[in-house]
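Novice: Listed below, chain by chain, are the residues.
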Amino acid sequence: DVKVTQSSRYLVKRTGEKVFLECVQDMDHENMFWYRQDPGLGLRLIYFSYDVKMKEKGDIPEGYSVSREKKERFSLILESASTNQTSMYLCASSSTINGGHEQYFGPGTRLTVT
Amino acid sequence: AQSVTQLDSQVPVFEEAPVELRCNYSSSVSVYLFWYVQYPNQGLQLLLKYLSGSTLVESINGFEAEFNKSQTSFHLRKPSVHISDTAEYFCAVSAWYGNKLVFGAGTILRVKS
Chain A
1 DVKVTQSSRY LVKRTGEKVF LECVQDMDHE NMFWYRQDPG LGLRLIYFSY DVKMKEKGDI
61 PEGYSVSREK KERFSLILES ASTNQTSMYL CASSSTINGG HEQYFGPGTR LTVT
Chain B
1001 AQSVTQLDSQ VPVFEEAPVE LRCNYSSSVS VYLFWYVQYP NQGLQLLLKY LSGSTLVESI
1061 NGFEAEFNKS QTSFHLRKPS VHISDTAEYF CAVSAWYGNK LVFGAGTILR VKS
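Protein chains in written order, with our numbering: chain A, 1 to 114; chain B, 1001 to 1113.
For the record, the hints were derived by calculation from the structure and aren't laboratory data.
Note that this is a predicted model, so its numbers are computed, not measured.
It cannot be assumed that every hint is accurate.
In silico lysine-lysine, DSSO-like type, Cα no more than 30 angstroms apart, as pairs [what the hints assert, rightly or not]: (1) A:K57 / A:K71; (2) A:K18 / B:K1100; (3) A:K53 / A:K3; (4) A:K53 / B:K1112; (5) A:K57 / A:K18; (6) A:K57 / B:K1100; (7) A:K71 / B:K1100.
Here's a subset of chain B near chain A, in silico, CB distances under 10 angstroms, partners left out [what the hints assert, rightly or not]: (8) Q1042; (9) A1092; (10) G1098; (11) F1103.
Beta carbons: idealized from backbone N, C-alpha and C, even for Gly.
All chains, please: the whole structure from these sequences, using the hints.
Specialist: Spelled out as structure tokens, the structure:
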């Protein structure tokens, strides 16, 4: 089974702190994604990566950056956390084989910025 | 670009009753369609998908969805729900050539005894 893990289930940070969210997948997937989930808005794509060291902006990249130094790991960085970044963050991965449309999700990190 | 509209934010239903969760999409190109489910305090799991072939697709736990190209819909149905089906359900669309998914806002299914 594909497994996507995220470093924390719950995280509380203060305004202005630098925050790192880590995601690791164990299926050698080329594609990795970061979403935020907010009630009534569904999932919105923040950043995605098709390969090591490659990244592309999603729909809401402002205030975020990412890093992909190894194929299995994709990190989301909040350079200076703000209260409007309080949310559930979901990582996902997919394979390029067979079109790469099916995404596998981690359990999520609920981030609270106070 | 693609977009997805889930017409109901919440659907309450009694156990053993039938249910339909509605999903409409918009796209200028051919698409693939998905339903994901999120149980409380968990990540999303793929429930079923339409890539090609038969327009009626089924999941292992009794859900089915039908791709209707003329109505640009992909509604999810189950003839008899269980308490354990209580979850949030997300419809998603992907252009045939791309890897990105666009999600709807989600529908919370509440099954009552």
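Novice: Confirm or reject each hint.
Specialist: For each hint, the structure was consulted:
no.: 1; hint: A:K57 / A:K71; in the structure: holds, 18 angstroms
no.: 2; hint: A:K18 / B:K1100; in the structure: holds, 28 angstroms
no.: 3; hint: A:K53 / A:K3; in the structure: holds, 22 angstroms
no.: 4; hint: A:K53 / B:K1112; in the structure: violated, 48 angstroms
no.: 5; hint: A:K57 / A:K18; in the structure: holds, 20 angstroms
no.: 6; hint: A:K57 / B:K1100; in the structure: holds, 12 angstroms
no.: 7; hint: A:K71 / B:K1100; in the structure: holds, 18 angstroms
no.: 8; hint: Q1042; in the structure: holds, 6 angstroms
no.: 9; hint: A1092; in the structure: holds, 8 angstroms
no.: 10; hint: G1098; in the structure: holds, 8 angstroms
no.: 11; hint: F1103; in the structure: holds, 4 angstroms
Checked against the numbered hints given earlier, this structure breaks only hint 4.
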